[in-house]
Amino acid sequence: MKEKLLIVDDAELNRAVLEELLSSEYETICACGGREAMEIMERERDNLALVLLDVMMPDIDGYEVLEYMNFNGLLKHTPVIMVTAADSAEDEEKCLRLGAMDFVRKPYVTDVVKRRVKNIVELYHYQNGLEEVLEQKGEALSNVNEIIVAVLTSVLETKTAETKEHIQRIRMYTRELLRFLYEHSDDKNGLNPQTIETICIASVLHDIGELLIPESILRKRANELEDEERLIWQQHTVKGCQLIEPLKNIENKDYIRYCYNICRSHHEKWDGSGFPDRLVGDDIPICAQAVGLAHDYDNMVVAKGYSHEQAVGRIRDGIFNAFSPVLVETFQLVADNFKIILEKNPEPERC
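Residue numbers (the UniProt record's numbering): 1 to 351.
These are computed hints drawn from the structure, not numbers from a lab. Everything numeric in this text was worked out from a predicted model, so none of it was measured. Any given hint could turn out to be false.
Distance condition first, Cα-Cα at most 35 Å in a straight line; then the derived DSBU-like pairs of lysine-lysine [as the list claims (entries may be wrong)]:
1. Lys106 to Lys220
2. Lys339 to Lys253
3. Lys188 to Lys76
4. Lys220 to Lys239
5. Lys164 to Lys188
6. Lys4 to Lys344
7. Lys253 to Lys188
8. Lys188 to Lys2
9. Lys76 to Lys253
10. Lys118 to Lys188
11. Lys2 to Lys248
12. Lys188 to Lys114
13. Lys339 to Lys220
14. Lys94 to Lys188
15. Lys344 to Lys253
16. Lys94 to Lys269
17. Lys2 to Lys269
Given these sequences and hints, build the entire structure.
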């Protein structure tokens, strides 16, 4: 049985185009305005896989429909992709704040529309299905993580520049840092071999929140983002915490705590200039500090094209004011291992 999509647009031609694009894979229902859409949502509230919602409509606009869905708890299980002819970061920020998942723009690009709809539907299957599995069976940590990694890898590679190799390298870099810190530091930072491994498993979720950021923003380089777009991208830290909410019922509470802290705080900086909470110094959890350093190193040598030596030098010299002196010293002592990890787990060649 095909899954149901609701297409909401006051223009008949726009509805017809989206129906033509999506009807081969989904059962489509159409509404010509916000009021009709809300009536359909009430009737089909447990049956809709996704809503494609026009922003500008004459009777009740897309913002009001989002507010209605939020108030009535519909967004928890029914994702929304906004449809707009505008190219406004301010509009995007408002829609995301109200609960939209992504955007498609008019005129439609066939592959983009199909891919974004497929990605969001799959993501909600993951979130809702994982919640159900955990409530019923209490899955073991390793099995849960295998499910997460399998789903995340396929969706992240489609929507962002993130690869399974990147996720694996972050995990391995983090292990190198924390093992050395535990074995050679007087202050163990609450670390032991078991907690280190749990942190490394949790590290694979560090950028899960990017699944809730518009693809148009994720495909840009950092220096290409407008100020409003940068603020939207920074929300991935908070949105990641929302996505791991279904994991709250598993028995390993340490794992959930590390997932949350890493998602939220891996972009915090030692001097307080990071985001989202502008934490300072050791207010930043050690798990997030380690993943943050691993992430910055990998970003420099892979995305920015720095040599290993250049990346080590920039972290050593405190270019970012991002990391504790102890962590920087630890990094210098294991930097050769970072280089080996990078060489053994290179990025795949792009077609």
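| said: Next pair to validate is Lys4 with Lys344; report whether the Cα-Cα distance is within 35 Å. | reply: Outside the cut-off at roughly 44 Å; violated.
| When you check the alpha-carbon spacing of Lys344 and Lys253, does it fall within 35 Å? | At roughly 33 Å apart (the allowed maximum being 35 Å), Lys253 and Lys344 satisfy the hint.
| request: Starting from Lys2, check that the Cα of Lys248 is at most 35 Å away, please. | output: holds, 31 Å
| request: Below or equal to 35 Å on CA atoms is what counts here, so check Lys106 against Lys220. | output: Measuring from Cα to Cα gives roughly 20 Å; hence the hint holds.
| said: Holds or violated: Lys339 and Lys253, Cα atoms, limit 35 Å. | reply: holds, 33 Å
| Is the hinted pair Lys188 and Lys76 satisfied, with a Cα-Cα distance of at most 35 Å? | violated, 40 Å
| query | Taking only the CA atoms, is the gap from Lys2 to Lys269 under or equal to 35 Å? | reply | violated, 47 Å
| field | Restraint status (C-alpha distance of Lys220 to Lys239 at most 35 Å) | value | Status holds; Cα separation ~19 Å.
| message | With the threshold set at 35 Å, check whether the alpha-carbon distance from Lys76 to Lys253 stays at or below it. | response | holds, 23 Å
| query | Quick one, are Lys94 and Lys269 close enough, alpha carbons at most 35 Å? | reply | holds, 27 Å
| field | Pairwise hint evaluation, Lys2 against Lys188, where the allowed Cα distance is 35 Å at most | value | violated, 54 Å
| Proposed proximity, Lys188 with Lys164 (alpha carbon, max 35 Å) | holds, 30 Å
In the structure shown, a violation is registered for the earlier hints numbered 3, 6, 8, 10, 12, 14 and 17, in ascending order.
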